[in-house]
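Engineer: I would like the entire structure built from these sequences, with the hints used as guidance.
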Amino acid sequence: MGSHHPSMHGVLRLIVTLDGENVVDCEPILGYLHRGMEKIVENRTIIQYLPYVMRRDYLTTMFTKAITINGLEQLGNIQVPKRASYIRVIMLELSRISSHLLWLGPFMADIGAQTPFFYIFRERELVNDLFEATTGMRMMHNYFHIGGVAADLPYGWIDKCLDFWIGVIGGEEAINWGLLGPMLQASGIKWDLRK
Numbered sequence: 001m002g003s004h005h006p007s008m009h010g011v012l013r014l015i016v017t018l019d020g021e022n023v024v025d026c027e028p029i030l031g032y033l034h035r036g037m038e039k040i041v042e043n044r045t046i047i048q049y050l051p052y053v054m055r056r057d058y059l060t061t062m063f064t065k066a067i068t069i070n071g072l073e074q075l076g077n078i079q080v081p082k083r084a085s086y087i088r089v090i091m092l093e094l095s096r097i098s099s100h101l102l103w104l105g106p107f108m109a110d111i112g113a114q115t116p117f118f119y120i121f122r123e124r125e126l127v128n129d130l131f132e133a134t135t136g137m138r139m140m141h142n143y144f145h146i147g148g149v150a151a152d153l154p155y156g157w158i159d160k161c162l163d164f165w166i167g168v169i170g171g172e173e174a175i176n177w178g179l180l181g182p183m184l185q186a187s188g189i190k191w192d193l194r195k
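Everything in the sequence shown is counted per UniProt numbering, starting at 1 for the first residue and increasing by one.
In short, the hints are calculated from the structure, not lab data. There could be a bad hint or two in this list.
As the list claims (entries may be wrong) - Derived Cβ-Cβ restraints for the label pairs, each shown as a range:
no. : residue 1 : residue 2 : range
1   : Met140    : Lys160    : 14 to 24 Å
2   : Asp159    : Lys39     : 42 to 52 Å
3   : Asp19     : Phe107    : 34 to 44 Å
4   : Asn176    : Gln48     : 52 to 62 Å
5   : Leu162    : Pro51     : 30 to 40 Å
6   : Leu72     : Asp152    : 15 to 25 Å
7   : Pro106    : Gly20     : 32 to 42 Å
8   : Ala109    : Arg138    : 17 to 27 Å
9   : Gln114    : Met137    : 27 to 37 Å
10  : Val41     : Glu73     : 10 to 20 Å
Ideal Cβ placement from N, Cα and C applies to all residues, glycine included.
Structural biologist: Listed below in structure tokens is the structure:
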């Protein structure tokens, strides 16, 4: 059954028997990306299983780990320090940005825009640099732990994060071009008529 997108290779194959336009039988064949986690978890403790959690979705490892960890913390009535909670939110937002960029790049290539693909991946590398500075890894971070995070943010990391994608267009240039709203604010001009 097809057609499949090129990025879907190895994920799923369906051998379909048809009677005209009607499907009368279907045999699903899971691809190489199926990791058999259901079987793996059968003979592991929860703590032993946690490293596998991140492999559910290699693009958003922070999210898959956060969901599992949050559930365990709620079940165990474990209080997470406020700073660790804030760090988690920042890392989850960066993970979301990274994931969206990884979607956008190939999408642009699929519609025939090859050049933006490379610019988008360049921007994604900025996010990966922040991850690497914090966790030591660019993917499969293993940063969230029950009760907090593996380590505090390194010195200077917050400044790097605050400077992230700000000032692509300088404030004076933004005013000269007549930019307003979020675009003006992103260039460093704090002007909001709603306040």
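Engineer: Could you run down the list of hints and mark each one as holding or not?
Structural biologist: Hint check:
1. Met140 to Lys160: 14 to 24 Å: Since the Cβ atoms of Met140 and Lys160 sit about 21 Å apart, the hinted range of 14 to 24 Å holds.
2. Asp159 to Lys39: 42 to 52 Å: Given range 42 to 52 Å: holds, Cβ gap about 45 Å.
3. Asp19 to Phe107: 34 to 44 Å: Given about 36 Å between the Cβ atoms, the range holds.
4. Asn176 to Gln48: 52 to 62 Å: holds, 59 Å
5. Leu162 to Pro51: 30 to 40 Å: Check passed, 31 Å falls within 30 to 40 Å.
6. Leu72 to Asp152: 15 to 25 Å: holds, 22 Å
7. Pro106 to Gly20: 32 to 42 Å: holds, 35 Å
8. Ala109 to Arg138: 17 to 27 Å: With a Cβ separation near 21 Å, Ala109 and Arg138 satisfy 17 to 27 Å, so the hint holds.
9. Gln114 to Met137: 27 to 37 Å: holds, 29 Å
10. Val41 to Glu73: 10 to 20 Å: holds, 19 Å
Going through the hint list in order, the structure satisfies each hint without exception.
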